[in-house]
Structure formats: C-alpha cells, structure tokens
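Undergrad: Single-letter residue listing:
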Amino acid sequence: MRVGIPVLDELLKEIPKGKTLTYYIDPEVEGDVFAMQTLFRNLEDGYRCAYVTSTMSPDSLRNRFREFGWFVDEFENFSIVDAYSHYVGAESKERYVVRDPTDLNEYDRVLEKVLEENDLVVFGSLSTILDICGEKTLDRFEEWREISDSVLVSNFTAWPYPEEVLERVKELSNAVVTIGGIHHRVVLGHYYGILKVDWTKVRGKAVLFKVVKPGGVRAYIPKILVTGPYNAGKSSFVHAISNRAISVDRLGTTVALDHGKVEYKGFTIDVFGTPGQERFDPLLRVLGSEALGVILVVDSTKPETFPRAKQLLEKTTRFGLPYVIAANKQDLPNALKPEEIRRLMNLPDTVPIIPTVATKGVGVYEVLDALIRLLIGEGYGESEGEAREGFEGS
Amino acid sequence: MIMRIDVLGIDVDSNNIMVLGPPLVGKTILVRTILKEKVCEGFGGIYVTTKDTAEGVLDWFGRFGVEGVKVIDCVSKTIFSDAPDTEDVKRVSIMDLTGISVRINGFLERYLRSGKRDVVMAFDSVSTVLMYMNPHTVFRFLHVLTNRIKSFGAFAFYTVDENMHDERTVAMLKQLFTGVIELRDNGDRRELRYVSPSLRTEWREFTISGDVLEVSS
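Which chain is which? The protein sequence lines are A and B, in order. Numbered per our numbering, the first sequence spans residues 153 to 546. Numbered per our numbering, the second sequence spans residues 116 to 332.
Derived by calculation from the structure, the hints in this document are not laboratory data. The structure displayed is predicted, hence computed values, not measured ones. Hints are not guaranteed to be accurate.
Cut-off 20 Å, straight-line C-alpha distance, at most; resulting in silico cross-link-like pairs (EDC-like, lysine to aspartate or glutamate) [unchecked claim]:
id: 1; chain 1: A; residue 1: K288; chain 2: A; residue 2: E258
id: 2; chain 1: A; residue 1: K288; chain 2: A; residue 2: E315
id: 3; chain 1: A; residue 1: K362; chain 2: B; residue 2: E224
id: 4; chain 1: A; residue 1: K365; chain 2: B; residue 2: E156
id: 5; chain 1: B; residue 1: K231; chain 2: B; residue 2: D167
id: 6; chain 1: A; residue 1: K245; chain 2: B; residue 2: D197
id: 7; chain 1: A; residue 1: K467; chain 2: B; residue 2: D203
id: 8; chain 1: A; residue 1: K165; chain 2: A; residue 2: E315
Computed Cβ-Cβ distance ranges for the label pairs, DEER-style [said to hold, decoys possible]:
id: 9; chain 1: A; residue 1: D291; chain 2: B; residue 2: E329; range: 53 to 59 Å
id: 10; chain 1: A; residue 1: E294; chain 2: B; residue 2: D174; range: 47 to 53 Å
id: 11; chain 1: B; residue 1: R178; chain 2: A; residue 2: N498; range: 41 to 47 Å
Think of the CB as a built atom: it goes at the ideal place given N, C-alpha and C, for glycine as much as any other residue.
If we strip away everything but chain A, and leave its shape as in the complex, we get (with noise of 0.2 Å):
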C-alpha cells in the first residue's frame, strides 16, 4: 500500500500490512487532505478502503473528495463508516454506522465488522472521537490495530491538549507524519515531515506543500526574496548563496532579476533578487504575493541610502513577511556596525543584522539561517523533531 504524497512515497515506500500512519496535525493547518489522498491512491489500486467521517455527514464527505477530483462514489471498493449523521440526529444510509458515537462499545462492535472487511481504514479526525469519547479512545485503538492485518490511517489535530496525551498519540503509530504551520502573525506556509517510522530508515526531511483544488498535496519549493537600493550588493549576496544562479544585467546593474537556486542543509528554496531602481519596485507586489521571506542588503558604508533601503523594505514587507537585514560591505573603511544600522534604520531588536562582504561570502549563510529560523522557530537543526531539518521541494 502507497502513501500517496509527494516525496512520502520515495521515503516511507510501502506501508506494509498491519501498520499504522498518523498524520499528526497543526490545528491551522489544512492537512485532513492527506488521509483523503491516501486512500484515493490506495482505492485507485484496487485496496478495499473505508473512511470513518465523525467531522461532516457522508455527503459532505464525497463533495470535499470530489473537490479535489476523488470522485470516490466510482469505485466499489470504497465505503464510509458513518460515525457523524446520528450524532447530529440524522439518519444514516450507509453501510457501516456508528448509532452512538459518544460510546466507544459502539464503534468496537461497527470497527470489528470494518477492519475484517478493508484492507485500509481511514479515521478522518481521531482526535475528534477522542474530544467525543474521551481519553480511553486511545485504549480503544491500540485494540482497533490488533482485529486484523488492515492498514489504519489517522489524522489527529494537535490541539492543546496534555502532553501525556500527544505523545501517547504518537507512541500509538508505527509512523507519524507531522504536518506543520510557519506561523508569523498567520500561517504564511505548511509543511510535513517525518518524525518517525519504524519499518523503514529515513532521514529527516520536511517538505512544503500547498493544496490545490483538483490535485490534493503538491510539494513547492519556498521563494525567498533579495531586495536592497541600488548598488548595495544583492546581485553579489544572491551569487554568493546559490549553487547555480542568473543574473540580467545591462551595463553592470540588475535590470530585471536575479534568480538563485540554493541547496543549504537539506533545504531547497528559489531566491530572487529584486532590482534597486525605484521604477522597478511595482515588481516588488508581484514578487511579494508568495514570497516566504526578506532579505534587505544594505550598502553599511552608505547611510544616505538607508531611507531607500527601509522603503523597500515597508514596500516587501506589508505582506507580513519576516526579514533579515545584511549588514554589507563591511569590508571596506567607515562600514557601519550592525548596531549603528539599527539605530539609523530605527529597526527593533527583534530584527536579526548580519554582518556580510558578499562578494567574498562571508557572513551569507548566517544571514540565511537567521531567516530560517524566523520562519520554522528556533527548533530548527536541533534534535527536538528530525522533520525541521530541512526543507525539500519535489
């Protein structure tokens, strides 16, 4: 059996008979699609699947399916344990019904009858028959994987709850598969990761995803922009970071983009350079609109420059992005020092200043890192979760 997702399938392979997945997820995040899209693939090749809906009625079900092009209703294989329409006092046609989802007696009696009769069982909110049914839930489930050798997919929204909970939650599958949130001020973006798997070795990987409408679960690889006035040195920065890199110049200045491709510990991210010419700067809205971040270059010996330099940034920013200042030239006399820079540019403390000679490379990657770190927190590259190592577009 597949799993079904970009990247997943290369790493976790197979999953073989009688395990269980956990997609374990951000409670902002839309992650109910990758159990969708896992038994879509898995009904695709001709497994029995069953879904157990507690969130949305049955129909609702098959039209969220179909929103992503699943039209699920085609394939006999496919059924619905039905653990909702009784608990909004509705009637049920399906084939499989919970009566009572508040009693856990009920779905054992329902989920002996589905586990035989499936070879992939879906639950699509775990953590909402936990809020209904309360903590013995878990019990249940660890019973529920014993009935058979089926497959049981979850998906469990990490809500606040006690940490005994979470981690028994996760103690409970054979594989666990985050599915996390960059948050700043809103979730900006959303990415899965790995945090365990015991049939197969994998090393940590987190992968951004987007969710489009038909598809499901499509890795991208994350923008980062380069801005800065004219002549601070971005082109330079964005050469100096990239593994391959492109710049369109015309006597010597940037006239359209810069455009790197940089590969830095395990992540993959698509780094633009923007021209520091003001008539440029409508490029800025265009760039912007899906960008995950900012780099500001700033020339540190040029302080009259620094007026431009905090347009630009007002003008990249006002999406909510986060951003790092480069501290550049500090090669050369009289360059400002970053706390100088600061007090000029009147930034907050909370706004990393690296300082950098991007023509030589020094200081690029902290600036990166430092920017990574505002994206994805501070857990990033310790042990806290293998999954934040890294990101990787497909």
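With the hints as your guide, set chain B onto chain A.
TA: Chain B in isolation, oriented as in the chain A frame:
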C-alpha cells in the same frame, strides 16, 4: 492597543472579547453592528456564524450597503451537503473545529497579504459550539484561535449565552478573554457595559429597533 467603537460609545482594550448576555438580549445584532462600523471604517471583517447561513449574514450587511465581509458558515453544511464555497464564503460543519480554524487563518492570511492589518472578527456563537462539543474541546479550540487573533493584532468578539452553560464552563472560557461586553435585560430596559482589567464602563442603556442597535448617550 485600544479600539474605539463609536456606536457603543466605548473603547475596548483587548484583542479577544467575550460578549456575554442572556438569550435574545441582542448579542448577535451587537457584534454585527460593531463589524458593520469597522468594515465601513476600512477594517477587514470576518464573521463566523453558527446560527444563520452565510446568505442570511450577507443579506443583513447588504441592507446597510456593507460589502466585503468574509463569512465562515457553520450552518449550511448541516442542511445542504453540497453548499458551495466562494472566495468570501467558506462552509464547514460545526463539528469540524479544525476546518473552522483553517478557514479563519486563510482569511487572515489573505488580509495580511493584501496589506490589511486592521481586522475585526465576530464569532457568533460559542454557545452553539458548546452544544455539540464538550467544554474542554471548545476551550482548546478557542485557545488556539484567541492566540492567533492576538498575534495578528485583530479584534474578535465571541458571543456566549449566559445561563445556558454551567458556571464552571463560563469561568473556564473567561480565562481566554481579557475583556467582556456584558449585556443584561432588566425587563423594561436593556443595558451593556465593557469590563477589562484596566477599563470598566458604566452600564449604558441600549435599544434595538429592527436591524438597528442604539446606545443612549
């Protein structure tokens, strides 16, 4: 961070405000009136409805010529399973708290990326959610939501029916809010006041006529 609400004649100093009062006292019209005022001033507006369909909500705002309110409709899916989403209307089941949370964040992200930082949200009503889910579940959901509203810098108003839930539940929920608009009905007059750790207004009489709420000066 203080926000003036002219129609009520009060300042509020909390990002997350509980609107607490007995059933039928006018909580819904109060939060709609606040949202209407703020959207007219240029704020972004989000309305989470658990009692009325998106069409009902948009119709109400439309009667005042107010457009652009984003609605999360937790009603329609219970009635019509194929009720479609639009750019500004997202429909989720009331049982799907993750879905509600994701849609709110989606609207906030859209406002952020369009450069709009001033946003007001109405959540009408928490009491309906409590009819379906236990208080601890609702608390966890609201814990995530109130933190999001605070980190965005938005203002949100959550209606709660007084006397419909036990005291423990209301006390637990109150921990999440740093301001409360209290409403009461004394038989012949209705009154409201705003209470927070640093602000406390006098009780002020208000009247409701049709769709219009007015506070006595």
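Undergrad: For every hint, state whether the structure bears it out.
TA: Now the hints, each set against the structure:
1. A/K288 with A/E258: Holds, at roughly 13 Å.
2. A/K288 with A/E315: Holds, at about 16 Å.
3. A/K362 with B/E224: holds (14 Å)
4. A/K365 with B/E156: violated (34 Å)
5. B/K231 with B/D167: With Cα atoms ~27 Å apart, B/K231 and B/D167 exceed 20 Å; violated.
6. A/K245 with B/D197: holds (17 Å)
7. A/K467 with B/D203: Since the Cα atoms of A/K467 and B/D203 sit roughly 26 Å apart, the hinted pair is violated (cutoff 20 Å).
8. A/K165 with A/E315: With Cα atoms ~30 Å apart, A/K165 and A/E315 exceed 20 Å; violated.
9. A/D291 with B/E329: 53 to 59 Å: Check passed, 56 Å falls within 53 to 59 Å.
10. A/E294 with B/D174: 47 to 53 Å: For A/E294 and B/D174 the Cβ distance comes to about 50 Å; the hint holds.
11. B/R178 with A/N498: 41 to 47 Å: With Cβ atoms ~46 Å apart, the hint holds.
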